[in-house]
Amino acid sequence: MTAMLNVKDLRAYYGQVQALHGLSFSLNEGSLTTLLGANGAGKTTTLRAICNMVRSTGAIEFEGKPIGTRSTENVVRLGIAHVPQGRGTFTNMTVEENLQLGAISRPDKKAIGSDIERMYDHFPVLKQRYTQQAGTLSGGEQQMLAVARALMLRPRLMLLDEPSFGLAPLIVRDLFRILGKINREEKVTILVVEQNAQLALELADQAYVIETGRIVMSGNAKDIANNEDVRKSYLGY
Amino acid sequence: MELFANQVLAGIATGAIYACMALAVVMIYQAIDHLNFAQGEMAMFSTFVSWQLMQWGVPYWGAFVLTVAFSFAAGIVIERLLFKPLAKAPILTNVAGFIALYAIINSVAGLIWDFTIKQYPTPFGSSPFLGSQLISTHQAGMIGITLLMLLLLFFFFRFTRVGLAMRAAASLPESARLVGINTSWMIALGWGMASAIGSIAGMMIAPVVFLEPNMMLGVLIYGFAAAVLGGLSSPFGAVMGGFLVGIFENLVGTYIPGVGNELKLPIALALIIVVLVVKPAGLFGRAIVKRV
Chain S
23 MTAMLNVKDL RAYYGQVQAL HGLSFSLNEG SLTTLLGANG AGKTTTLRAI CNMVRSTGAI
83 EFEGKPIGTR STENVVRLGI AHVPQGRGTF TNMTVEENLQ LGAISRPDKK AIGSDIERMY
143 DHFPVLKQRY TQQAGTLSGG EQQMLAVARA LMLRPRLMLL DEPSFGLAPL IVRDLFRILG
203 KINREEKVTI LVVEQNAQLA LELADQAYVI ETGRIVMSGN AKDIANNEDV RKSYLGY
Chain X
7 MELFANQVLA GIATGAIYAC MALAVVMIYQ AIDHLNFAQG EMAMFSTFVS WQLMQWGVPY
67 WGAFVLTVAF SFAAGIVIER LLFKPLAKAP ILTNVAGFIA LYAIINSVAG LIWDFTIKQY
127 PTPFGSSPFL GSQLISTHQA GMIGITLLML LLLFFFFRFT RVGLAMRAAA SLPESARLVG
187 INTSWMIALG WGMASAIGSI AGMMIAPVVF LEPNMMLGVL IYGFAAAVLG GLSSPFGAVM
247 GGFLVGIFEN LVGTYIPGVG NELKLPIALA LIIVVLVVKP AGLFGRAIVK RV
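Line order of the protein sequences matches chains S and X. My numbering puts the first residue of the first sequence at 23, with every later residue one more than the last. My numbering puts the first residue of the second sequence at 7, with every later residue one more than the last.
Please keep in mind that the hints were generated in silico from the structure rather than gathered at the bench. The structure presented is a predicted model; accordingly, all values stated were derived computationally and were not measured. We put the beta carbon where it would ideally sit given N, CA and C, even for glycine. Errors might be hidden in some of the hints.
Said to hold, decoys possible - Computed, partial: chain X to chain S, Cβ under 8 Å:
#: 1; residue: Arg173
#: 2; residue: Ser181
#: 3; residue: Gly224
Said to hold, decoys possible - Listing some non-contacts, in silico: residues in chain X with all C-beta distances to chain S over 10 Å:
#: 4; residue: Asp39
#: 5; residue: Phe70
#: 6; residue: Phe76
#: 7; residue: Leu87
#: 8; residue: Val101
#: 9; residue: Tyr108
#: 10; residue: Phe135
#: 11; residue: Leu184
#: 12; residue: Ile187
#: 13; residue: Pro286
The shape of chain S in the complex, shown without the other chains (with noise of 0.2 Å):
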């Protein structure tokens, strides 16, 4: 398998502070990777880099190419989406609205209505509500949104960061779903950072864990989730 995105000595700041020491790490093509760690960790940075969204310094690769200088948005029309912390809602613009956003960079215009035909197919929630004010939504339902805005970029890469956040675990259990079918039925590779670690090593197949900007370990999700030592110090369950 060939990395899909290769990270190397990243180190990002706000203002003085260093958030992150020299992170390295890389995806495979299809796979389905966490990022995981305590708060304050550096794991929200670590995707806010990638993006561009931070001052950093490092490599950052994605499919052989060096993206560490695009803009933000030059580097979403490579085909990464990002699904910020938060969510990012278009809260005062509808559901379909917020959806044609998420294609609003692609050139093929055809596809679009097909994809947010197939968005609805994985959200029915949202198709009910199609022309409501995305911010009426319930916090499940925005990310849900979320993700299938990111989606209808039709990224190669799907960055997300902390979607369990806020929600319930009934609901959280059914977007863990739909990440892991979208990962192997479309394709696309996905980094989840993520508090909720149980949940999401059940759902990847790569894990790395920081700590204070720093990877300490990475490996296997199964063996992560098997090794008593680091879920008790690292994972805290």
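Fit chain X to the known structure of chain S by using the hints.
This is chain X only, laid out in the frame that chain S set:
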């Protein structure tokens, strides 16, 4: 009753001026999420450019089209040179920039064309409209142009991809970048469009208030008031707000004793404040619903 109808009609005629300007105000608000105090002066300058073109022998509609194109480009240039570098600066820095721009454009226009009042032509003539002394064919034409612009803007924002991208960039820049929108160019485009709409407003208003560097001083204040009354998020609301301010102003002047020309505007503006206290998003503005 006839007096009432006549005053409403006259109010609509003046309101068309405010509506025209309010449309430009809403346009810039959509793009940059705040108001541009130099907008009136930009419109005034554009109007002078069209006047100059006509002095050089360009026919009215030729000058009109050239001026709109010039204003569109000038709006983009102003954004790229002045306000793009200020994009991350605090809002008050931008406000200082707007005020500086206001003073600069005003002085430059005075320098080039001096401060004497000039006649400005109308393509619609100035005879009574449908036999009414209260509304001229020019005012009717201005109402028509305003409604046409409104219609075009509505279609642009509702049904085009660029319009959707502009709305997204204005409401949530970070999310907009994450779907691949170049938000910086969307803002520049918004400036261009606002400047172009402002130039049309200026060319429609100039035959009524006459052409001079300070012609927009009052008009811009009414335009702001109209836009806020109607709802800054809604072009339709802004135009309706414009007409309502015009009608309010006239009715107050007619029916409340002791209110002459001096007091009718303050009273109309006070009424606007009352409306906004009750409906902060404006009469037609969409209150943003949030659920967490």
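Verification of the hints:
1. Hint on X/Arg173 holds. Least Cβ distance to chain S is approximately 7 Å, under the 8 Å limit.
2. With its C-beta approaching chain S no nearer than about 4 Å, X/Ser181 sits inside the 8 Å limit, and its interface hint holds.
3. Checking X/Gly224 against chain S by beta carbon gives a least distance of about 32 Å; that is not within 8 Å, so the hint is violated.
4. Its beta-carbon lying about 12 Å from the closest one in chain S, X/Asp39 satisfies the requirement of being farther than 10 Å from that chain.
5. Annotated as non-interface, X/Phe70 keeps its C-beta farther than 10 Å from every C-beta of chain S; the closest such distance is 33 Å.
6. The Cβ of X/Phe76 sits about 29 Å from the closest Cβ of chain S, beyond the 10 Å cut-off, so the non-interface label holds.
7. Chain S leaves X/Leu87 outside its interface by the beta-carbon criterion, the shortest separation being 20 Å against a cut-off of 10 Å.
8. Listed as outside the interface, X/Val101 is consistent with that label: its C-beta sits roughly 25 Å from the nearest C-beta of chain S, beyond the 10 Å cut-off.
9. Interface exclusion of X/Tyr108 from chain S stands, the closest Cβ pair being 30 Å apart, more than 10 Å.
10. With a closest Cβ-Cβ approach of about 39 Å to chain S, X/Phe135 is found to remain outside the 10 Å limit, as its non-interface label requires.
11. Its closest Cβ contact with chain S, about 5 Å, brings X/Leu184 to no more than 10 Å, contrary to its assignment away from the interface.
12. Not every C-beta of chain S lies more than 10 Å from that of X/Ile187, the closest at about 6 Å, which undercuts listing it as non-interface.
13. Against the 10 Å criterion, X/Pro286 stays outside the reach of chain S, whose nearest CB is about 15 Å from its own CB.
When each numbered hint is compared with the structure, violations occur for hints 3, 11 and 12.
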